[in-house]
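*Asks:* As a plain string of letters, each chain reads:
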Amino acid sequence: AQTVTQSQPEMSVQEAETVTLSCTYDTSESDYYLFWYKQPPSRQMILVIRQEAYKQQNATENRFSVNFQKAAKSFSLKISDSQLGDAAMYFCAYRSAYETSGSRLTFGEGTQLTVNP
Amino acid sequence: ETGVTQTPRHLVMGMTNKKSLKCEQHLGHNAMYWYKQSAKKPLELMFVYNFKEQTENNSVPSRFSPECPNSSHLFLHLHTLQPEDSALYLCASSQDGGRWQPQHFGDGTRLSIL
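Protein sequences appear in the order of chains L and E. Each number in this note's numbering comes from the position in the first sequence (counting from 1) with 4 added on. Each number in this note's numbering comes from the position in the second sequence (counting from 1) with 131 added on.
Honestly, the hints are just simulated from the structure, not real lab data. From a predicted model like this one, the values you see are computed outputs, not experimental measurements. Yeah, the Cβ is synthetic: ideal placement off N, Cα and C, and Gly gets one too. Where hints are given, some of them may not hold.
Said to hold, decoys possible - According to the in silico footprint, chain E covers these stretches of chain L (three or more CB under 8 Å from chain E):
#: 1; stretch: 49 to 62
#: 2; stretch: 112 to 118
As the list claims (entries may be wrong) - Below 30 Å or equal to it, Euclidean Cα-Cα: the simulated DSS-like pairs (lysine-lysine) are:
#: 3; chain 1: E; residue 1: K183; chain 2: E; residue 2: K167
#: 4; chain 1: L; residue 1: K77; chain 2: E; residue 2: K167
#: 5; chain 1: L; residue 1: K77; chain 2: E; residue 2: K172
#: 6; chain 1: E; residue 1: K150; chain 2: E; residue 2: K167
#: 7; chain 1: L; residue 1: K74; chain 2: E; residue 2: K183
#: 8; chain 1: L; residue 1: K82; chain 2: E; residue 2: K150
#: 9; chain 1: L; residue 1: K82; chain 2: L; residue 2: K59
#: 10; chain 1: L; residue 1: K59; chain 2: L; residue 2: K74
#: 11; chain 1: L; residue 1: K74; chain 2: E; residue 2: K172
#: 12; chain 1: E; residue 1: K167; chain 2: L; residue 2: K82
#: 13; chain 1: L; residue 1: K82; chain 2: E; residue 2: K183
#: 14; chain 1: E; residue 1: K171; chain 2: L; residue 2: K77
Bound conformation, chain L alone:
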């Protein structure tokens, strides 16, 4: 079974600064997907960024980028130029590429990000 670990329960960053959230995972599979979801106080889980395991290039979405280290099974999220609206709980998630009937997501425990003005 796969596991996802987020070792930072809480992080804080100053507005306009950069912060990196850590995520490690454990799997014996070679093909999978990794996701970062954001959950603000409104509770809606919003997809921030995603990465395919067989792509070596790190995914980027505007101010959000990942550092995907497949051999180390590490998938960190970097938020540049942090904004007050980035404050939320961030979840790292894993999905196997071998499932054909419904996509099971395995989530980490989450990291609560605070952005200080």
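With chain L fixed as given, assemble chain E onto it according to the hints.
*Replies:* Chain E in isolation, oriented as in the chain L frame:
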């Protein structure tokens, strides 16, 4: 707006009550999911439906009974719940069959058991 709507947003019920949570997706997806989110714990997958057929029941107690009448609607029927069932219940949907289809989530139902 994610295209996944959950009702009610909040629900308070006694342990002997029977209630239902509703989820509706407007994205044309073929798979739907129920997750439980408790404080300080990772999201727990409860049920998966693919083309209206249940494909996974993640060892969920029988006091939770899912129903998927069509690919757009998903219900979670609740009866004789316990205090430890108090949590945020999230519904999600996705279009499966392709390689690159993330799940889209609703806002959740906050359930409190008295």
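*Asks:* Next, verify each hint and record whether it holds.
*Replies:* So, going through the hints one by one against the coordinates:
no.	hint	verdict
1	49 to 62	holds (count 5)
2	112 to 118	holds (count 3)
3	E:K183 - E:K167	holds (20 Å)
4	L:K77 - E:K167	holds (26 Å)
5	L:K77 - E:K172	holds (21 Å)
6	E:K150 - E:K167	holds (16 Å)
7	L:K74 - E:K183	violated (35 Å)
8	L:K82 - E:K150	violated (42 Å)
9	L:K82 - L:K59	holds (18 Å)
10	L:K59 - L:K74	holds (10 Å)
11	L:K74 - E:K172	holds (25 Å)
12	E:K167 - L:K82	holds (27 Å)
13	L:K82 - E:K183	violated (38 Å)
14	E:K171 - L:K77	holds (23 Å)
Consistency with the previously given hints fails for numbers 7, 8 and 13, ordered from lowest to highest.
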